[in-house]
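**Student:** One letter stands for each residue in the lines below.
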Amino acid sequence: MTDTAQPIWIDPTDCHYPEHPAREAPTNRHLPHQVTWDETRQFRPRMHPVGRLRYYHKWPGHGARLWSRVRYWPTRRRVLNVRGEYNPKTMRREKTIVDKRPIWWALAFVALLLAPLFAPAGAWNTVMSAAAVFAIYSAVNLCWMLIIGTAGIFSLATYAVVGAAAYGTTYLAIRLGLPWWMLPLLGSLIGLAFGMVIALPAMRLDGFYYALLTLGVVELCRVYVVQSREFGSATGGLYGAPSYLPAGLAQSHRLLLGYYAALALMVLALVIYRFIDGKRLGRVLRMAPEKREAFAQACGVDYIRARIQVFLISSTALGFIGGFYATHFGGASPNLFSFDTLLLSLAMLVIGGIGRAEGAVAGTAIVVFIDRILIDLGPLRFILIGAIMLAVVLFLRDGLFGIKQQFRTWRDKKKSERRATRSEKGGEMLPEEATETEDKDQIFFRRFDKMQRDFLKRLVSDAVIEEHRMRPLGQHSEPLERLLIYFRRQGQVDKYAIMVIEEFKAYRIVALSGHRGTAPRVVEDRLYGTPDEAYHALFLRRVQDLLES
Amino acid sequence: MNWGFILSNAITLACVYGTLAIGISLTWSSLGLVNMAYGFIFAFAGYGAWLASALIGPYPAMVMAAGILTGALGGLIVCLLAFIPIHDKPNFPIRALIATLAISLIGNQTLLWYFGPRSKSLPRLFGSWSIDVAGVVLTSDKLGASLSAIVLLTLILLWMRSSRRGLEIRAMMMNPHAASIVGIGVRHTGLYVMALTGSLAGLASVLLAQTYYVAPFSGITPMVKGLSIALLGGLGSVPGAVLGAIILGFNEALTSTLLGGQYVLITQFLLIILVLLVRPRGIAGLLDKAREA
Numbered sequence: 000m001t002d003t004a005q006p007i008w009i010d011p012t013d014c015h016y017p018e019h020p021a022r023e024a025p026t027n028r029h030l031p032h033q034v035t036w037d038e039t040r041q042f043r044p045r046m047h048p049v050g051r052l053r054y055y056h057k058w059p060g061h062g063a064r065l066w067s068r069v070r071y072w073p074t075r076r077r078v079l080n081v082r083g084e085y086n087p088k089t090m091r092r093e094k095t096i097v098d099k100r101p102i103w104w105a106l107a108f109v110a111l112l113l114a115p116l117f118a119p120a121g122a123w124n125t126v127m128s129a130a131a132v133f134a135i136y137s138a139v140n141l142c143w144m145l146i147i148g149t150a151g152i153f154s155l156a157t158y159a160v161v162g163a164a165a166y167g168t169t170y171l172a173i174r175l176g177l178p179w180w181m182l183p184l185l186g187s188l189i190g191l192a193f194g195m196v197i198a199l200p201a202m203r204l205d206g207f208y209y210a211l212l213t214l215g216v217v218e219l220c221r222v223y224v225v226q227s228r229e230f231g232s233a234t235g236g237l238y239g240a241p242s243y244l245p246a247g248l249a250q251s252h253r254l255l256l257g258y259y260a261a262l263a264l265m266v267l268a269l270v271i272y273r274f275i276d277g278k279r280l281g282r283v284l285r286m287a288p289e290k291r292e293a294f295a296q297a298c299g300v301d302y303i304r305a306r307i308q309v310f311l312i313s314s315t316a317l318g319f320i321g322g323f324y325a326t327h328f329g330g331a332s333p334n335l336f337s338f339d340t341l342l343l344s345l346a347m348l349v350i351g352g353i354g355r356a357e358g359a360v361a362g363t364a365i366v367v368f369i370d371r372i373l374i375d376l377g378p379l380r381f382i383l384i385g386a387i388m389l390a391v392v393l394f395l396r397d398g399l400f401g402i403k404q405q406f407r408t409w410r411d412k413k414k415s416e417r418r419a420t421r422s423e424k425g426g427e428m429l430p431e432e433a434t435e436t437e438d439k440d441q442i443f444f445r446r447f448d449k450m451q452r453d454f455l456k457r458l459v460s461d462a463v464i465e466e467h468r469m470r471p472l473g474q475h476s477e478p479l480e481r482l483l484i485y486f487r488r489q490g491q492v493d494k495y496a497i498m499v500i501e502e503f504k505a506y507r508i509v510a511l512s513g514h515r516g517t518a519p520r521v522v523e524d525r526l527y528g529t530p531d532e533a534y535h536a537l538f539l540r541r542v543q544d545l546l547e548s
Numbered sequence: 000m001n002w003g004f005i006l007s008n009a010i011t012l013a014c015v016y017g018t019l020a021i022g023i024s025l026t027w028s029s030l031g032l033v034n035m036a037y038g039f040i041f042a043f044a045g046y047g048a049w050l051a052s053a054l055i056g057p058y059p060a061m062v063m064a065a066g067i068l069t070g071a072l073g074g075l076i077v078c079l080l081a082f083i084p085i086h087d088k089p090n091f092p093i094r095a096l097i098a099t100l101a102i103s104l105i106g107n108q109t110l111l112w113y114f115g116p117r118s119k120s121l122p123r124l125f126g127s128w129s130i131d132v133a134g135v136v137l138t139s140d141k142l143g144a145s146l147s148a149i150v151l152l153t154l155i156l157l158w159m160r161s162s163r164r165g166l167e168i169r170a171m172m173m174n175p176h177a178a179s180i181v182g183i184g185v186r187h188t189g190l191y192v193m194a195l196t197g198s199l200a201g202l203a204s205v206l207l208a209q210t211y212y213v214a215p216f217s218g219i220t221p222m223v224k225g226l227s228i229a230l231l232g233g234l235g236s237v238p239g240a241v242l243g244a245i246i247l248g249f250n251e252a253l254t255s256t257l258l259g260g261q262y263v264l265i266t267q268f269l270l271i272i273l274v275l276l277v278r279p280r281g282i283a284g285l286l287d288k289a290r291e292a
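Chains as they are written, first to last, in numbering that gives the first Met the number 0: chain E, 0 to 548; chain Z, 0 to 292.
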């Protein structure tokens, strides 16, 4: 609605005389103050949808029972991290589950236990053997995650340890006729010995040098096994290890038993992971992440010792898994040492997120599903796995389980960007000043004042100045009146005033000091002959200050 | 026991693997990236050369050029996928390592899917003659491979010493941060480096295919050998890579003569571990602080 006609001023005092028609006069055009308000409040920058704030479900309170908590037995950690507090609005007891991961863990474990019930009958064999492979591989990956994530040693020789233990135990079992339960124990001995050998260079080397060296060790094992006659170069693997499955068992029961045994192995690996990563060794190593080793050492953390300890413990566990592998599959094949196995297991770790147990398990589940169940795809499934791995590396910071944290970081960035867009200064406080100011009324007053000045600046026009020059005192149009009201209620400090030097002859503009006993400051040398001239000069000076602010 | 034969064999392999090692070293020192997709580039270039020889004709120069150009293309692919998007993100070295491993997985499986598992053989580039030097029979492929590797490597090193691009690359090797401050674009130079090292892989691939075959997974073993040579010589040092190639070549020759072929890798790794225990950065490696970005 654009109004081109000159606005009409209606005398407000005419309401006292309703019998007359109201007195009207044409007046200057002026802007309603609502315009500036709306423009300032308008949000200009384009924002992205960044999701809601963190939401916690509030459970009803339970008084004294909050303080008797269930704990994991050997640790002092609570089963669920529950925070109890009073709601300040309703003054009611409330409890908040701070970390719901234990619930998800328990549900996932129940799902794994019940999984055979839901396996499709048509593909029972495929699915159940894939499930057993998943459990064994996730046990291996958990131990590897300890080495890579917790200890920070980028070792690629995991499968060298597993394979050496599997080959060694199979060989010894065939030679000596050992029972099946000896194999994992023997395997852990072999793993410990092997771990000691490859931990030796880990004390001196770091990062890539160690990664490349261990890659070479894997290749060395593969070539040795493929060429060596007693390790089955002719049959493509060494088979004939004793199995833990009873001889007279039906095929489907064998698979079921194998699956549960492998699941037990995985739970064992999870326990080891938790007991290393979550306790003293893990704390010590988290103190010394990459590039801060010197600092950690200066603080008295013997991180090399801790790393080697973790490395040896996980090598022992890997050897145990190797022995289990031999009894589970009845032997070992050179496939364990191949570059592709290494790549696929690295994909498992990376997809789930390096440095977290649930990442290792979930990544293994994804990769094993693509690799073993979607077998009809042929080489395409490796391409699929590689593409997922590449996408995770390029776009995610911490694998699939880091997405939530990454999203929150991004949202915080967006929020701070939004706050920064409000920081154009013009009397208003910048955000960092505003956070440091005790009196929050100050912040709102400064913001209001800035808006008011923005509005008043646009009221200044030649017509208004001319009007003031004609009649400094008396009745004014609305814009002029608004300007004068604003000028009048300025603070005392540096407020302009007119000093009478000689009545009706000489007037001068001064600025009040605002402090008792301090004389006003002379603003300019000019003397004005009449009060009206002085009024107008002062007005012009105020207008100039307003426009400059 | 034919010493001359084994020695000439080892020298040929040392030349070829040295080429790979120099490529790996250059990538590491200038970009801070351990290129695990090098085996894939190797196989990719071999297939490029094979396609050129099958589709156009067995002209030696063209086959070699095709191999080198496909290798450069492979290097550019790796650079575009694994260096440019993540080189300024946190935790770059590990992420780049994993990204190149992923590229290697995808690439090798694509080659397997497209060309099938059967290996191909390239035409003989250097003819089939042999000469007898002081009782040692040098066949054409070995002599040609070593000579062309040495000649092309010398050309590339001269180019690195004398040209403007080479100067940029060497500046990146010394200090990438300072290089970017004085106006040497990290991404721009990264493309040149990866094309150069990719073409080195292509060269090695064509030369090695004279003795072996081109297969989807033929790049893994040469890559591991190249990596271990680079490791022995010190990542990031060209003379170190040459020295490492010579040492490991002679180790291979001596071991296979004295102990037997299956002990080659064992002695090789024992040697590498011994050297690394004494000098953790290899024989001529850069110091710790020199390469941090």
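Keep in mind the hints are simulated off the structure, nothing from the lab.
Take these hints with a grain of salt, some might be off.
Over the 12 Å line for every Cβ pair with chain E, so calculated as not near, a few chain Z residues [unchecked claim]:
#1 5
#2 80
#3 100
#4 118
#5 128
#6 132
#7 139
#8 170
#9 177
#10 184
#11 242
#12 267
If you only want the chain E side, here are some residues facing chain Z, beta carbon under 10 Å, derived [unchecked claim]:
#13 153
#14 202
#15 338
#16 341
#17 357
#18 361
#19 373
#20 377
#21 378
#22 382
#23 393
#24 406
#25 409
#26 410
#27 414
In this text the structure is predicted, and so the values were computed from the model without any measurement.
Beta carbons: idealized from backbone N, C-alpha and C, even for Gly.
**Student:** The structure should be examined with respect to each hint, and the outcome stated for every one.
**Tutor:** Hint check:
A cut-off of 12 Å between C-beta atoms confirms that residue 5 (chain Z) is not in contact with chain E; the least separation is 18 Å. Look at residue 80 (chain Z): its CB is around 7 Å from the nearest CB on chain E, not clear of 12 Å, so calling it non-interface is violated. Distance check on residue 100 (chain Z): its Cβ comes as close as 6 Å (rounded) to a Cβ of chain E, failing to clear the 12 Å threshold; non-interface status is violated. Residue 118 (chain Z), annotated as away from the interface, keeps every beta carbon of chain E farther than 12 Å; the closest lies near 16 Å.
Every beta carbon of chain E lies more than 12 Å from that of residue 128 (chain Z), the smallest distance being close to 33 Å; the non-interface claim holds. A cut-off of 12 Å between C-beta atoms confirms that residue 132 (chain Z) is not in contact with chain E; the least separation is 32 Å. Look at residue 139 (chain Z): its CB is around 29 Å from the nearest CB on chain E, clear of 12 Å, so calling it non-interface holds up. For residue 170 (chain Z), the non-interface assignment is confirmed: its Cβ lies about 22 Å from the closest Cβ of chain E, beyond the 12 Å cut-off.
Chain E leaves residue 177 (chain Z) outside its interface by the beta-carbon criterion, the shortest separation being 19 Å against a cut-off of 12 Å. Listed as a non-interface residue, residue 184 (chain Z) keeps its Cβ farther than 12 Å from every Cβ of chain E; the least gap is roughly 21 Å. Distance check on residue 242 (chain Z): its Cβ is at least 17 Å (rounded) from any Cβ of chain E, clearing the 12 Å threshold; non-interface status holds. At the 12 Å boundary, the C-beta of residue 267 (chain Z) falls inside the reach of chain E, the nearest C-beta of that chain being 8 Å off.
Residue-level restraint check for residue 153 (chain E) holds (minimum Cβ-Cβ distance to chain Z is 7 Å; threshold 10 Å). At a threshold of 10 Å, the smallest CB-CB gap from residue 202 (chain E) to chain Z is about 9 Å, leaving the interface hint in force. Because the smallest distance between the Cβ of residue 338 (chain E) and any Cβ of chain Z comes to about 5 Å, under 10 Å, the interface hint for this residue holds. Against a cut-off of 10 Å between C-beta atoms, the interface hint on residue 341 (chain E) holds, since the closest Cβ of chain Z lies about 8 Å away.
For the restraint placing residue 357 (chain E) at the interface with chain Z, the shortest Cβ-Cβ distance is roughly 19 Å, beyond the 10 Å limit, so the hint is violated. Hint status for residue 361 (chain E): violated, given a least beta-carbon distance of 17 Å to chain Z, over 10 Å. Hint status for residue 373 (chain E) relative to chain Z: violated, with the closest Cβ pair at about 14 Å, above 10 Å. Given hint, residue 377 (chain E) at the interface with chain Z, holds; its Cβ is 7 Å from that chain's nearest Cβ, closer than 10 Å.
The restraint placing residue 378 (chain E) at the interface with chain Z holds, with a minimum CB-CB distance near 4 Å, inside the 10 Å limit. The beta carbon of residue 382 (chain E) comes within 5 Å of a beta carbon in chain Z, closer than 10 Å, and the hint placing it at the interface holds. Satisfaction of the interface hint for residue 393 (chain E) is found here, the shortest Cβ-Cβ separation to chain Z being roughly 5 Å, below the 10 Å cut-off. For residue 406 (chain E), the interface hint is violated, the least distance from its beta-carbon to any beta-carbon of chain Z being 16 Å, above 10 Å.
Because the smallest distance between the Cβ of residue 409 (chain E) and any Cβ of chain Z comes to about 13 Å, over 10 Å, the interface hint for this residue is violated. A hinted interface residue such as residue 410 (chain E) counts as satisfied when its beta carbon comes closer than 10 Å to some beta carbon of chain Z; here the least separation is about 18 Å, so the hint is violated. Look at residue 414 (chain E): its Cβ only gets to about 21 Å from chain Z, farther than 10 Å, so that hint breaks.
When held up to the earlier numbered hints, the structure conflicts with 2, 3, 12, 17, 18, 19, 24, 25, 26, 27 and fits the remainder.
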